[in-house]
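A.B. asks: With the sequences and hints as input, model every part of the structure.
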Amino acid sequence: MVQLSKTEQVVNEMDNYGLDILAPSEVRWTGEGSQTVKKGSTILHSGTEKKKEAGVAIMLSKSASRALTKWTPINERIIVARFTGRQAKLTVVACYAPTNEADDTAKDNFYNTLQAVAKDIPSHDLVCFVGDFNAKVGSDKSYCPEVLGSQGLGEINENGILLVDFALANDLIIGGTQF
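Numbered according to the UniProt record's numbering, the sequence shown spans residues 1 to 179.
There's no promise every hint is true.
To be verified - Derived DEER-like restraints, expressed as beta-carbon distance ranges:
1. S139 / K51: 32 to 38 Å
2. N112 / S34: 24 to 30 Å
3. G154 / T113: 25 to 31 Å
4. Q151 / S34: 31 to 37 Å
5. L126 / K6: 19 to 25 Å
6. T69 / E8: 23 to 29 Å
7. G31 / E155: 35 to 41 Å
8. V37 / A106: 27 to 33 Å
9. G154 / R66: 39 to 45 Å
10. Q35 / D171: 31 to 37 Å
Quick caveat, the hints were computed from the structure, so don't treat them as lab data.
Think of the CB as a built atom: it goes at the ideal place given N, C-alpha and C, for glycine as much as any other residue.
C.D. replies: Right, dumping it as structure tokens:
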């Protein structure tokens, strides 16, 4: 999503599908910031300082922008936004995990940072961790039925184990396996 024209295209598709919040990963924008774009949509982003690599963003419709109360760029792999809704507060954590082939230090740093973020989310908030976890959690629901649904695919990989462990430690489910 490096080019502005691609950003506008994504905003148009958000509008076409009636999406209020979208969390693209690997946006490859440098630095961190917020900008208002077409149709009053807002893009919150967090990337590296100089290199156009990695990067996460949270794209908001005009109505979601009005509900935004706080956002925090953590690093080039994690960004957090909190919203006030009619019934509850919502925290969205957009993530871009290291690939399965990355070294263990990079993966450990990512999940340690993610755990620190999870710990700081108010317990009464609804929470969604979204993005590209570069993980395969497999189709064996019996591995961790508290977290996994019956719709997983393939065999679990190392990143899948890390994701399942994170979800289990934080009383979450992996939504993509549920339906």
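A.B. asks: It remains to establish, for every hint, whether it holds in the given structure.
C.D. replies: Quick rundown of the hints versus the structure:
no.	hint	result
1	S139 / K51: 32 to 38 Å	37 Å, holds
2	N112 / S34: 24 to 30 Å	26 Å, holds
3	G154 / T113: 25 to 31 Å	27 Å, holds
4	Q151 / S34: 31 to 37 Å	35 Å, holds
5	L126 / K6: 19 to 25 Å	30 Å, violated
6	T69 / E8: 23 to 29 Å	26 Å, holds
7	G31 / E155: 35 to 41 Å	38 Å, holds
8	V37 / A106: 27 to 33 Å	31 Å, holds
9	G154 / R66: 39 to 45 Å	41 Å, holds
10	Q35 / D171: 31 to 37 Å	35 Å, holds
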